[in-house]
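Chemist: The primary structure of each chain is shown beneath.
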Amino acid sequence: MTAPSAATEVSATRFDPRKARADFPAIHQEVHGRPLAYLDSAASTLKPQVVINEVADVYSRDSANIHRAVHLLSQRATARYEEAREKVRSFLNAERKSEVIFTRGTTESVNLVAQSWARTFLHQGDEVVLTELEHHSNIVPWQIVCEQTGAELVVVPMTDRGEVTVDAFAECLTPRTRIAAMAHVSNALGTVLPVEEMTRLAHERGAVVLLDGAQAVAHVPVDVQALDCDFYAFSGHKLYGPTGVGVLYGRERLLEGMPPYQGGGDMILSVTFAETLYNDLPYKFEAGTPNIAGAIGLGAAIDYFTSFDVDAVHAHEHELLKRATRALESVDGLQILGTAPGKVAAISFLMDQAHPHDIGTIVDAEGVAIRTGHHCAQPVMEHFDVAATARASFGIYNTQDDIDALVGAIARVKELFG
Amino acid sequence: MDLRELYQEVILDHGKNPRNHRFPDPHNREGKGYNPLCGDRITLRLRLAGDRIEDVGFVGQGCAISQASASTMTEAIKGKTIEEAEALFAKFHAMVMGEEGADDDFGSLGKLAVFAGVREFPMRVKCATLGWHTMNSALEDDGSEATTE
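Here the protein sequences come in this chain order: A and B. Here the first sequence is numbered in the working numbering, starting from 1 and rising by one per residue. Here the second sequence is numbered in the working numbering, starting from 1001 and rising by one per residue.
Treat each hint with caution, since some may be false.
Pairs of lysine to any residue, SDA-like flavour, derived with a Cα cap of 20 Å [as the list claims (entries may be wrong)]:
1) K1080(B) with R1019(B)
2) K414(A) with E1005(B)
3) K1016(B) with E82(A)
4) K322(A) with P341(A)
5) K1016(B) with L416(A)
6) K1016(B) with K19(A)
7) K1016(B) with A312(A)
8) K19(A) with A312(A)
9) K1032(B) with V386(A)
10) K414(A) with K1016(B)
11) K97(A) with R76(A)
12) K322(A) with G288(A)
13) K414(A) with K1091(B)
14) K1091(B) with T1081(B)
15) K414(A) with K1080(B)
16) K1016(B) with E415(A)
17) K1032(B) with K19(A)
18) K1032(B) with Q378(A)
19) K1016(B) with Q378(A)
20) K1032(B) with D332(A)
21) K1016(B) with F417(A)
22) K1016(B) with T1081(B)
23) K1016(B) with G333(A)
24) K414(A) with V1010(B)
25) K97(A) with R119(A)
26) K414(A) with Q1008(B)
Selected chain A positions facing chain B (Cβ under 8 Å, derived; list incomplete) [claimed, not checked]:
27) G125
28) L350
29) A354
30) H355
31) H374
32) P379
33) A388
34) L416
35) F417
36) G418
If you're looking for bench data, these hints aren't it; they were derived computationally from the structure. We put the beta carbon where it would ideally sit given N, CA and C, even for glycine.
Here chain B stands alone, though its shape is the one from the complex:
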């Protein structure tokens, strides 16, 4: 098993120094995420202008995978429409779950493709998707907490 497949430089870097690790000011949406397996929690806030994500940031602590995933996600969805962000999550999800047919699509995920190695570590899929579930929760913003369950 090659750990470097999982812990790629980009992941280690974003895990140590997460980008957009602050709240946008002002914001109009908030989501909270919780992984009951490890107790990790993050809070994500974003500013929607119409259906476009103008700014996004998160705070919270967790493992390198969850922090790096949330960090790269904020970079990827900033400036995107809700629809585009949700489509990106669908692709990302298919990739980390190792779903059939997902293989061809990594290119369109850009930097997020570094998480492809998570497929080999099923116990870590929830770490990689915590930020994304929290984004969904923020977009819905019904005050409920997103969990990875």
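So that you can see chain A by itself, here it is in the shape it has in the complex:
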């Protein structure tokens, strides 16, 4: 094992991953007779006990619908749901609670903007700017709305290091650009995009900006007012929260002018067959009974995450990324895809000796959980002319031991396939 560097020792005084590990029950198990090394947080993070308890507690005590009945259980459920909204507002530093909409996840958040904002305001020949490194969930909704409106997709190319430069983005903006939708952090490569500068440039052209924050929220600071973005989307389960719940932040002025995304209960003020009056923000966009326990669980996840010195958590993850990168770079025949400076929390790689799927199966047998495949980012795969990669990604609970386990498991791949 490598001796801890000075940098880790500094961060270790502010953040101790071993303490965080104790909070995650799923990490303390054996997989195929080996201790689990969970390196797939970019796909979904594990959940701390406090989040699991919170969700169980909602169903155990306050199992009622919200915004409906006058009975006590409904009042308590409503209060907790709205407290969770306030926690999200504070986490994103949004100006108003009414700008925080609960959704099923990032995918639904992007679809909401595509179908409500874009479908209403885009016209033939308008342009939607995306980048080459987007996740499918920030591509397909725009393809659908382009089909519906006659607008066109413009794709900002990335470099061979997996970067999207401000210059490349600026070149794609035209007077016809109506919206730019891009990842804050790339899920396949870990690249952090220069979204502040990109947003400024898009706004200069009068375009609206949506940021896909699914991979960002756990790994970089997010402040929607500082970013000045118009929409910000993320998922609870990538921030140590439950699956099936996510968030769309939207600038109030824009949300006000948008038609509802879905019709149903809770999003109305009054309904007659002649006319329906829509509810105020954010309820206008929350049709039907939402994932109440999920939203409250997400609130608990935010409480949990922010109970740490978040900068120290990020520094710890960065140190792990540096060490893992160094360790993997020294493996003969292994190539890392995505080498953008300042990247976070994920390493995509290929091996001469074995296909990513074989790597995934072999390291799994050693107790190491990584993702293999196209990571729902096939344009990225196409850029590098591969069908798939293996990806190791980090979270708050990972330690040097996990990197050692990965390196050991990769040695096993070479042994079998060498």
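Could you slot chain B onto chain A? The hints should help.
Modeler: Same frame as chain A, now just chain B:
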């Protein structure tokens, strides 16, 4: 979990050096196969003489399991009738899916029996059947792409 059960020598060998990794010339049937889980694609062509598979080959890239499976398949079906090839796929499928009663039949699968270990790896069944689905598509040859879904 014993990885050697999955990655047997025959599989590693065929994965590295797939046989019939070229197109028969001439050919009269073509199938394309795609595994949306991993993005792997293969193209398989064969020459039918009546209902007999005179020659068969494939190109494409993928994991050791999918390449080895397609490779051993081409060896197994060359010279067989369509009916025999389809019967072989049915047996192979039952084996990798771990279907009940499949156990007794491995002997008749010959070399293909090395894929029995795939039963223990449900996430890899689609890798092992990609070539076979593509064969079906080639035999039907209606121009559509076979997927493992």
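Chemist: Give a verdict on every hint.
Modeler: Taking the hints in turn, this is what the structure says about them:
1. K1080(B) with R1019(B): holds (17 Å)
2. K414(A) with E1005(B): holds (17 Å)
3. K1016(B) with E82(A): violated (58 Å)
4. K322(A) with P341(A): holds (11 Å)
5. K1016(B) with L416(A): holds (12 Å)
6. K1016(B) with K19(A): Violated: K1016(B) and K19(A) sit about 45 Å apart, past 20 Å.
7. K1016(B) with A312(A): Judged against 20 Å, a Cα distance of about 45 Å means the pair is violated.
8. K19(A) with A312(A): holds (14 Å)
9. K1032(B) with V386(A): holds (18 Å)
10. K414(A) with K1016(B): holds (13 Å)
11. K97(A) with R76(A): At roughly 19 Å apart (the allowed maximum being 20 Å), R76(A) and K97(A) satisfy the hint.
12. K322(A) with G288(A): Answer violated: K322(A) to G288(A) is near 45 Å, above 20 Å.
13. K414(A) with K1091(B): Violated, at about 33 Å.
14. K1091(B) with T1081(B): Holds, because 16 Å separates the two Cα atoms, which is no more than 20 Å.
15. K414(A) with K1080(B): violated (37 Å)
16. K1016(B) with E415(A): Roughly 14 Å between the alpha carbons, so the hint for K1016(B) and E415(A) holds.
17. K1032(B) with K19(A): Violated, at about 51 Å.
18. K1032(B) with Q378(A): Holds, at about 19 Å.
19. K1016(B) with Q378(A): The hint is violated at about 25 Å.
20. K1032(B) with D332(A): violated (34 Å)
21. K1016(B) with F417(A): At roughly 9 Å apart (the allowed maximum being 20 Å), F417(A) and K1016(B) satisfy the hint.
22. K1016(B) with T1081(B): Status violated; Cα separation ~28 Å.
23. K1016(B) with G333(A): holds (16 Å)
24. K414(A) with V1010(B): Roughly 17 Å separates the two Cα atoms, so the pair holds.
25. K97(A) with R119(A): violated (25 Å)
26. K414(A) with Q1008(B): holds (15 Å)
27. G125: violated (33 Å)
28. L350: Given a least distance of 12 Å, the restraint on L350(A) is violated.
29. A354: holds (7 Å)
30. H355: holds (4 Å)
31. H374: Constraint on H374(A) satisfied, holds at 5 Å.
32. P379: violated (12 Å)
33. A388: holds (5 Å)
34. L416: Constraint on L416(A) satisfied, holds at 6 Å.
35. F417: Nearest chain B Cβ about 7 Å off; hint holds.
36. G418: violated (10 Å)
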